[in-house]
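The chain contents come next:
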Amino acid sequence: MAGLAIECRGLTKRYGAVMALDGLNLEVPRRVVFGFLGPNGAGKTTTMKILVGLIAPTAGEARIAGRLVSREDPTVRRSVGYLPEEPAFYGWMTPREYLAFVGGLVGLSGPEARRRADELLELVDLREAARRRIGGFSRGMRQRLGIAQALVGRPEVLLLDEPSSALDPLGRRDVLALIDRLAEETTVFMSTHILADVERVCQQVAIIAQGRLLAQAGKEDLRQRYAAPVFEIETAAEAPGLAERLCSLPWTERVVQEGNLLRLMARDASRAREELPTVLGTLGGNLVRYEQVLPTLEDVFVRLLEIQ
Amino acid sequence: MRTKTLIRKELVEQWRTRRLWVLCAVFVFFGLLAPITAKLTPDLLRWLAETTPGVVFQLPPPSAADVVSQYIKNLAQSLPLVVLLVAMGAVSGEKERGTLPMVLAKPISRGAFLGAKFLGLALALALALGLCMVSAYYYSLLLFNGPEPGGFVLMNLLAGLYLLVVLALAFLASTLAASTVMAGVLAFGLWALLLILGALPRIGRASPTALLSWAGRLGVGLPGEGEWLALGVSVAILGAALVGAWLHFRRQEL
Ligand SMILES: Nc1ncnc2c1ncn2[C@@H]1O[C@H](COP(=O)(O)OP(=O)(O)OP(=O)(O)O)[C@@H](O)[C@H]1O
Ligand SMILES: [Mg+2]
Numbered sequence: 022m023a024g025l026a027i028e029c030r031g032l033t034k035r036y037g038a039v040m041a042l043d044g045l046n047l048e049v050p051r052r053v054v055f056g057f058l059g060p061n062g063a064g065k066t067t068t069m070k071i072l073v074g075l076i077a078p079t080a081g082e083a084r085i086a087g088r089l090v091s092r093e094d095p096t097v098r099r100s101v102g103y104l105p106e107e108p109a110f111y112g113w114m115t116p117r118e119y120l121a122f123v124g125g126l127v128g129l130s131g132p133e134a135r136r137r138a139d140e141l142l143e144l145v146d147l148r149e150a151a152r153r154r155i156g157g158f159s160r161g162m163r164q165r166l167g168i169a170q171a172l173v174g175r176p177e178v179l180l181l182d183e184p185s186s187a188l189d190p191l192g193r194r195d196v197l198a199l200i201d202r203l204a205e206e207t208t209v210f211m212s213t214h215i216l217a218d219v220e221r222v223c224q225q226v227a228i229i230a231q232g233r234l235l236a237q238a239g240k241e242d243l244r245q246r247y248a249a250p251v252f253e254i255e256t257a258a259e260a261p262g263l264a265e266r267l268c269s270l271p272w273t274e275r276v277v278q279e280g281n282l283l284r285l286m287a288r289d290a291s292r293a294r295e296e297l298p299t300v301l302g303t304l305g306g307n308l309v310r311y312e313q314v315l316p317t318l319e320d321v322f323v324r325l326l327e328i329q
Numbered sequence: 006m007r008t009k010t011l012i013r014k015e016l017v018e019q020w021r022t023r024r025l026w027v028l029c030a031v032f033v034f035f036g037l038l039a040p041i042t043a044k045l046t047p048d049l050l051r052w053l054a055e056t057t058p059g060v061v062f063q064l065p066p067p068s069a070a071d072v073v074s075q076y077i078k079n080l081a082q083s084l085p086l087v088v089l090l091v092a093m094g095a096v097s098g099e100k101e102r103g104t105l106p107m108v109l110a111k112p113i114s115r116g117a118f119l120g121a122k123f124l125g126l127a128l129a130l131a132l133a134l135g136l137c138m139v140s141a142y143y144y145s146l147l148l149f150n151g152p153e154p155g156g157f158v159l160m161n162l163l164a165g166l167y168l169l170v171v172l173a174l175a176f177l178a179s180t181l182a183a184s185t186v187m188a189g190v191l192a193f194g195l196w197a198l199l200l201i202l203g204a205l206p207r208i209g210r211a212s213p214t215a216l217l218s219w220a221g222r223l224g225v226g227l228p229g230e231g232e233w234l235a236l237g238v239s240v241a242i243l244g245a246a247l248v249g250a251w252l253h254f255r256r257q258e259l
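Sequences listed follow chains A and B, in order.
All residue numbers for the first sequence refer to our numbering, where the first residue is 22 and numbers rise by one.
All residue numbers for the second sequence refer to our numbering, where the first residue is 6 and numbers rise by one.
Next up, chain B with everything else stripped away, as it sits in the complex (with noise of 0.2 Å):
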């Protein structure tokens, strides 16, 4: 019952305060930039080449593998920021308005108050990037011949586990932090310390980024051994930011 009410207020919050909607339309967003931008992009350049002379494009007719490509691009690139900023308030920003002092004194564990923050965040990250998917899956189809969907299903189950990790990081970030801008500032600099670590040549194969190229492969139907390093890390930074925001918060003075 006290965890059910908990989840809800997470919920009717994220609708009421328009975060789901924002979340979801730049979801989408992105999801039909990629199968515009594999089409416009071969034709930008021809109209490029035509209005220079003297400069000759020899191009392939764009491919849904090109969708794919550019879909994990963005997936990469510009929704972790999206997520950061939405989860970056979650608990910082009810202690920065100082809501928090009411809740808690209420028969309820601090683990469950955290946790159905954290389901509340993990749902609309599920419904946002499940809106994506199919936009950019019926828009491709329109366009080109569209990807294979089990591949694309596939593709983007560990593109959201990698977005699932850095929700998590973001939201530990958010609980050790007094304020908001402080949270955001530590949420981005996680986030691009994985990416640092995602790019070193041996441990990269190992970082949750290496999801991301084992996402597009599958998306392309290309062969290829499965990332199970990188998934199974990417697993166990999600459970510790997770444990870790407890310990922390178990312990917070209010």
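With the rest of the complex left out, here is chain A (with noise of 0.2 Å):
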């Protein structure tokens, strides 16, 4: 019980007929960057939302390092740090500002807080800055300060809710690189679904879709356990007829096309390896390479929510 950082009972909320979340079941260890994924309308955001006590369950319970979350009870809210999907700040503050005021809220006194809005702003790359009004800052700019403002209180666990989305190719790789530093000290637990930033990150990965948890394990685990054998077939020229000759073989599950890159998930990975040399000596001298790679997250989140 006390190892866990999240811990959600049968977490369920009702909008009138809509369930955003239908009886979910989460358990998020310590000290791990934990990748929270779904497609739009999951209901990560609820969850998020149900964590820090912005909104009230339907049924269920929601834990953060042992403790029950609810509205009433601010204490359990020292233990959190909240990345809003759109952060707002007070336009007419400074980032130096609205750091400080933040460590008021968690109770720092006004030199502790002052300094500590030093620091975060040093942490996010936010010092030249630190004197201009919000009000003219661009998104990353923002995106960086909501993650400062979430880790004033230096808190347990770190929620955040796509924490990359809308950032330039730079700022990701910026905001990535700083994840990886905080879960030294704490526990992150980020939504996203750009899959490509879990592969980087997250330690673990929970997968949920229309309220409800499909799969949670290690990143490795999941791959081995949720994705089919993939084999990558490259050719010179387009083979016309080539996917669909694919496709009606016994042992294939899919096959995806992307200009002259076919990517075949097998049922069976070894009649796979047996019979593809033959089908594929068919292509002559169109055939540039073929090989089995290792699936990827996309190929687990694409066939969970498939069998789903």
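By construction, these hints were calculated from the structure, which means they are not laboratory data.
Just so you know, not all the hints are guaranteed correct.
Claimed, not checked - Across the chosen pairs, the derived CB separations fall in these ranges:
#	chain 1	residue 1	chain 2	residue 2	range
1	A	Gly156	B	Leu159	54 to 64 Å
2	A	Asp189	B	Val27	33 to 43 Å
3	A	Glu133	B	Trp26	24 to 34 Å
4	B	Arg255	A	Val39	32 to 42 Å
5	A	Ser91	B	Leu159	38 to 48 Å
6	B	Arg24	A	Asp189	53 to 63 Å
7	A	Thr317	B	Arg24	49 to 59 Å
8	A	Val323	B	Ala183	29 to 39 Å
9	A	Asp189	B	Ala183	51 to 61 Å
10	A	Ser91	B	Pro228	49 to 59 Å
Note that CB positions come from ideal geometry on N, CA and C, so glycine has one too.
Take each chain as given, in its own frame, and dock them per the hints.
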């Protein structure tokens, strides 16, 4: 019990006829970067809002660091830092003022709060903008300030709702590097639908859809357990009819074509290895390469959602 | 510490967004307007009479009592509108701008957040009304012999309570409504209801608007009973509006 950073039991949230969460069970251990995946409308944001007490669940309960979450009890929120999907600040403040304000809210004294603000401005690389009004900040700057404000109280658990979407590639790289570093001290629970980000920073992953947990495991486990073996086939020129032919084979689950590259997901890896050369032999000189590759998280994700 | 931080933020916000200045400027303007109107109205009428043949005006010279009645008229009619405009966006504005989730995810209670917000507004109102009172008083001293200071202060305290009731109603509206426009409509409706009830024959005596006629009497030193019932009702409405705002905000989904 004490070992868990986050625990959800039968968490349910109903909006009229919409079941945003439908009995979600989730266990997030401490000191990991945990990827919370799901398609649009799966219930990721709803889960996070319940965890910080912004909304109340219709049924079920959630715990953070072993303590029951409730809107009425602010003390639980001492252990949580939260970055909303679209962080909004007081535009008339400077980032330094906002962080010092948050410092006061988490219980720091004035001088402590200002010192912490400077530390965090340094961490998220906003030192230069420390005295500018937040009102004029770019989306990326807001996102970084949003992460900084979640860190002010040195929370045990960090909830980041899509921390890297809406950032350019460089901004994303910086944010992911930051998350990597944070993982040394806190548990990071981040929602996203950018699978490449999960591949980069997360050790554990949960996939939800329609408010229910589809799978939860270590990243590697998940691939082995849920993804079909994948073969990549590259041709020099487009091979008409090849995809259809591969699809009709009994050991093929699915074929995805992207130009000259085909990805074949096999139901039976050993039969595929045996028989694929014969099929591909008919291509003659058009075949550039074929190989068995590691399934990606995307393969897992797509497959799980399809099975569902 | 946390509550102090919240109150500080409200006050600094009012200062930086110029809301405090505008509030004070408008209040002082209406404060000064009272003695000026009292002074100029007879002159204006006399000039009218002179340019219109056959009309003769018999007017007593303006006095401090005219200042007081003009002053209380401004307090009753114009300044509540200003209070509504300033207070209607207090909570709904933060809802619209999306600034609430990050703040309320911190280890603070929603009650403390709401309380600090109302306190910030009430302090701003007190400052504005104080400046209004002082400027009106000194200008009247210059133009007339001035109203009697004790009664004038009491009058302002009573009118201040009336404005505080209006402030609390606007604050309630701001908490209930999802947008500032809706909050404004609702707040105006609540104030109009107050005026309508105040104009009714029997109920009127118990309405907060009765505080204003009491305030007017005190200002000019007329004898008469205090409107203690209206005072009690005003305090009750004030409390009910704040408790109502809290009960709603406590469970609001953000
Ligand atoms: N305030 C609300 N009123 C009504 N329905 C809502 C409300 N908030 C969320 N929902 C519904 O609940 C479901 C889950 O929404 P949620 O925002 O949690 O999804 P999400 O996984 O965060 O999606 P996204 O990836 O698009 O951010 C959706 O169907 C959404 O329409
Ligand atoms: Mg979301």
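Hint by hint, here is what the structure shows:
1. Gly156/A with Leu159/B: 54 to 64 Å: Taking Cβ atoms as reference, Gly156/A and Leu159/B lie about 44 Å apart, which means the hint is violated.
2. Asp189/A with Val27/B: 33 to 43 Å: holds (40 Å)
3. Glu133/A with Trp26/B: 24 to 34 Å: holds (32 Å)
4. Arg255/B with Val39/A: 32 to 42 Å: violated (24 Å)
5. Ser91/A with Leu159/B: 38 to 48 Å: holds (47 Å)
6. Arg24/B with Asp189/A: 53 to 63 Å: violated (36 Å)
7. Thr317/A with Arg24/B: 49 to 59 Å: Holds: the Cβ-Cβ distance is about 53 Å, inside 49 to 59 Å.
8. Val323/A with Ala183/B: 29 to 39 Å: holds (38 Å)
9. Asp189/A with Ala183/B: 51 to 61 Å: violated (33 Å)
10. Ser91/A with Pro228/B: 49 to 59 Å: holds (57 Å)
Consistency with the previously given hints fails for numbers 1, 4, 6, 9, ordered from lowest to highest.
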